[in-house]
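Participant: Each chain, written out:
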Amino acid sequence: MLTNTPPINYIPVFIFIVVSLIFGVGTLVLSYFVQTRIDDKEKLSTYECGSEPISDARNPFPARYYIIAMLFVIFDVEVAFLYPWAVVFDQIGLFGLLEMIIFIALFLVAYVYAWKKGGLEWD
Amino acid sequence: MDLAIRIGIVLAEIAAVLGVVLTHVAYLTYMERKILSDMQDRLGPMEVGPHGLLQPLADGLKLFFKEDIIPTGANKIIFSAAPILVLIPALIGFAVVPFGRDSLVIGEFEITPYITDINVGILYILAFSSLGAYGVLLGGWASNSKYSLLGGLRSAAQVISYELPLGLSLVGPILLSGSLSMVTMTEAQGGGFWHWYVITQPIAFVIYMICAIAETNRLPFDLPEAESELVAGFFTEYSGMRFSFFFLAEYANMILVSCIAVVAFLGGWQAPFSFMEFVPPIVWFLAKVYFLLFFYIWLRATVPRLRFDQLMAFGWKVMLPLSLVNVLLTSIVKYFLNQM
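Residue numbers (my numbering), protein chains in the order written: chain A, 1 to 123; chain B, 1001 to 1340.
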């Protein structure tokens, strides 16, 4: 069953976003005015087990993270396609079911390829 | 005039929901400390108020008056914005959660037990909750600390890896109810606990619970903030109110994922038996949410932390195929049931 909700139902969502933004910023600003502030060179340095920080923290990090992020973007788009399909499943019948089986089979091809290429390994 | 009253009602509802959620967050920290201490055979907080009942209030006040330190090497704007970026997605998800059944009608105006009912409810929550990962990643990067950067990266990788099976596990309930709206989904599960989707979708429920724990960075998946190796992970450099925002967001997220689990799998505010319907729906809703929250805390007291490569392998090689199989099975079974 497709239910249509009028666009006016989205207005509370925007009000909620604004209210929580005001809550967040407001609390920070209020807290800024009541806190004690004493600047100290040692206190303001980044934490590194008590010793002097060595070099910049923004070192190169493993490309693994990048590969995982890319796989996520690809697969998540495919997952997003499943939502509208699930909502109208009763109306599209056998065609919809077969269509989705083909779609998931294609998904699996990409998945197996990524696995065999070692994209899912973490060493 | 009409519109002004409507907006007034919405504002009042938002204020009520925010207040209730924040109070529950505060007392969830108390509940967690008390349950953990009971499980470890010690007393836990006892000093502030009877049995330490005012402890969350004291903690909040302390953090409010503490200095917000911005480390010298940090990127000031991103560092300041990150906690808010994490907090907002955690709070606004509650806009579509149906807490009860009956609306309060005053004259021609109706006060609903949810802030709004949109037909993309679940999609809306998923979309916004994945924005929280940006806050964590930016906060970790902007701190210019090695621990923070590692924690932020780990967190982002973990959250996006578990988001796929989480999204797929919710396809089951959507297929069965034929709707993304949380109100319609709850109503579809009426008439006794055997109509709840946890009975027809047990695999999806287990996948959802595991992924929800990973998404909220709770033990045994708390690698982004693993105290014993990364100090506090992405919020190592945060203090005062900004620190408490990360904390607030984590606990608010715990409550939010429990609310989604209750709506999608445990029948929302529905009573398990029809003769038990004299108990108000909101009590059932809260009872189910608190049962899941207790389960998270219980898990924290019981199981040790995973290794990061195990965590990633489990997400990509076990959870993802399993949830795909669940979607296929559910749709095929449902197709043949429709034919009969």
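Hints are computed from structural coordinates only; laboratory data are not their basis. Every residue gets a Cβ at the ideal spot worked out from N, C-alpha and C, and that includes glycine. Certain hints may be false.
[What the hints assert, rightly or not] FRET-style restraints, in silico, Cβ to Cβ:
#1 A:Ile38 - B:Leu1022: 28 to 34 Å
#2 A:Val109 - B:Ser1274: 46 to 52 Å
#3 A:Pro60 - B:Ala1012: 39 to 45 Å
#4 A:Ile38 - B:Glu1110: 25 to 31 Å
[Claimed, not checked] Not the full set, but computed from the structure, chain B residues with beta-carbon under 8 Å of chain A:
#5 Leu1011
#6 Ala1012
#7 Pro1071
#8 Leu1091
#9 Ala1095
#10 Ile1115
#11 Leu1153
#12 Ile1160
#13 Leu1324
[As the list claims (entries may be wrong)] Negatives, chain B to chain A, calculated, CB over 10 Å:
#14 Ile1005
#15 Thr1072
#16 Tyr1134
#17 Ala1156
#18 Gly1178
#19 Glu1237
#20 Ile1332
Participant: Work down the list of hints and note, for each, if the structure agrees.
Facilitator: Hints, one by one, checked against the model:
1. Between Ile38 (chain A) and Leu1022 (chain B) the Cβ separation comes to about 30 Å, which falls inside the hinted range of 28 to 34 Å.
2. For the pair Val109 (chain A) and Ser1274 (chain B), the beta carbons lie near 48 Å from each other, so the given range of 46 to 52 Å is met.
3. A hinted range of 39 to 45 Å is violated for the C-beta pair Pro60 (chain A) and Ala1012 (chain B), which are about 51 Å apart.
4. Here the CB-CB span from Ile38 (chain A) to Glu1110 (chain B) is close to 54 Å, at odds with the stated 25 to 31 Å.
5. The beta carbon of Leu1011 (chain B) is positioned within 8 Å of a beta carbon in chain A (closest approach about 7 Å), and the interface hint is therefore held.
6. Interface restraint check: Ala1012 (chain B) against chain A, minimum CB-CB distance 11 Å, threshold 8 Å, status violated.
7. Contact between Pro1071 (chain B) and chain A, as hinted, is supported at the beta carbon level, the nearest pair being about 5 Å apart and thus within 8 Å.
8. At its closest, the beta carbon of Leu1091 (chain B) sits 4 Å from a beta carbon of chain A; the interface hint therefore holds under the 8 Å criterion.
9. Given hint, Ala1095 (chain B) at the interface with chain A, holds; its Cβ is 5 Å from that chain's nearest Cβ, closer than 8 Å.
10. Of the supplied interface hints, the one on Ile1115 (chain B) holds, with its beta-carbon coming within about 5 Å of a beta-carbon of chain A, less than 8 Å.
11. Below 8 Å, beta-carbon pairs count as interface contacts, and Leu1153 (chain B) has one with chain A at about 6 Å; its hint therefore holds.
12. Interface restraint check for Ile1160 (chain B): the shortest CB-CB distance to chain A comes to about 4 Å, inside 8 Å, so the restraint holds.
13. The interface hint given for Leu1324 (chain B) holds, since its Cβ lies 6 Å from the closest Cβ of chain A, which is under the 8 Å cut-off.
14. Non-interface call for Ile1005 (chain B) relative to chain A: holds, since the shortest CB-CB distance, roughly 14 Å, exceeds 10 Å.
15. Its beta-carbon lying about 5 Å from the closest one in chain A, Thr1072 (chain B) breaks the requirement of being farther than 10 Å from that chain.
16. Tyr1134 (chain B), annotated as away from the interface, keeps every beta carbon of chain A farther than 10 Å; the closest lies near 12 Å.
17. For Ala1156 (chain B), the non-interface assignment is contradicted: its Cβ lies about 7 Å from the closest Cβ of chain A, within the 10 Å cut-off.
18. At the 10 Å boundary, the C-beta of Gly1178 (chain B) falls inside the reach of chain A, the nearest C-beta of that chain being 5 Å off.
19. Chain A draws Glu1237 (chain B) into its interface by the beta-carbon criterion, the shortest separation being 6 Å against a cut-off of 10 Å.
20. Listed as a non-interface residue, Ile1332 (chain B) fails to keep its Cβ farther than 10 Å from every Cβ of chain A; the least gap is roughly 7 Å.
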